[in-house]
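*Asks:* What follows is each chain in one-letter form.
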Amino acid sequence: DTGVSQDPRHKITKRGQNVTFRCDPISEHNRLYWYRQTLGQGPEFLTYFQNEAQLEKSRLLSDRFSAERPKGSFSTLEIQRTEQGDSAMYLCASSRNVAANSPLHFGNGTRLTVT
Amino acid sequence: QQPVQSPQAVILREGEDAVINCSSSKALYSVHWYRQKHGEAPIFLMILLKGGEQKGHDKISASFNEKKQQSSLYLTASQLSYSGTYFCGTEYGTASKLTFGTGTRLQVTL
Numbered sequence: 001d002t003g004v005s006q007d008p009r010h011k012i013t014k015r016g017q018n019v020t021f022r023c024d025p026i027s028e029h030n031r032l033y034w035y036r037q038t039l040g041q042g043p044e045f046l047t048y049f050q051n052e053a054q055l056e057k058s059r060l061l062s063d064r065f066s067a068e069r070p071k072g073s074f075s076t077l078e079i080q081r082t083e084q085g086d087s088a089m090y091l092c093a094s095s096r097n098v099a100a101n102s103p104l105h106f107g108n109g110t111r112l113t114v115t
Numbered sequence: 001q002q003p004v005q006s007p008q009a010v011i012l013r014e015g016e017d018a019v020i021n022c023s024s025s026k027a028l029y030s031v032h033w034y035r036q037k038h039g040e041a042p043i044f045l046m047i048l049l050k051g052g053e054q055k056g057h058d059k060i061s062a063s064f065n066e067k068k069q070q071s072s073l074y075l076t077a078s079q080l081s082y083s084g085t086y087f088c089g090t091e092y093g094t095a096s097k098l099t100f101g102t103g104t105r106l107q108v109t110l
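Protein chains in written order, with this note's numbering: chain A, 1 to 115; chain B, 1 to 110.
Chain A on its own, in the form it takes in the complex (with noise of 0.2 Å):
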């Protein structure tokens, strides 16, 4: 178990530009959640996969967020455009099952900074 592995662990960029994350997860888990953390707050769903299907999206996310999870195994976060108000901590968590019967298991995160 080498836990699940997030890259890069802190991203700048400009306001305007595209950004994308990366998550490995732990190798025998099914499931991948992404989550969104600002200062003081706790994590803010953003959208989950099982495999490689995307069973939820945030109704608060735009339309400028996108993931994948191609073959059940890394994924990746994509943020088109970004924005002052992108900046937060990106973390990923995954589990072997469904929630209620598997704790979720978090990367360290990536901090990204829109200046």
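Since no wrong hints were added, every one of them can be taken at face value.
Residues on chain A that point at chain B, a partial pick, calculated with CB under 7 Å:
| no. | residue |
| --- | --- |
| 1 | Gly42 |
| 2 | Pro43 |
| 3 | Glu56 |
| 4 | Phe106 |
In silico contact screen, one side only, chain A against chain B (beta carbon under 8 Å); selected entries:
| no. | residue |
| --- | --- |
| 5 | Leu91 |
| 6 | Gly107 |
| 7 | Asn108 |
| 8 | Gly109 |
No lab work stands behind these hints, which were simulated from the structure alone.
Glycine included, each C-beta is placed from N, C-alpha and C at the ideal position.
Chain A is already provided as a structure; the job is to place chain B on it using the hints.
*Replies:* Chain B in isolation, oriented as in the chain A frame:
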């Protein structure tokens, strides 16, 4: 809909006990509890399922009141290492996403 936690913050002396509450406006299927230290990822503590099944650690326990749609986390004989922000995560049906609460900041002092 985001569950509400109380208190927002609590300061304890080492060895004291604490209770953190998590309330939902919707019927709960399961509740998770996580602890997050500053600059680190949230770490799993326990899951409580509708029907009463419980998992967890030794000095940390929790209850799940289905009728009141709330869960409480009990920290006994707190240690300095218990300091951090505690989040509950709620699930409203089988195979659904986890929605995290507003958080409770806990500080344990000597």
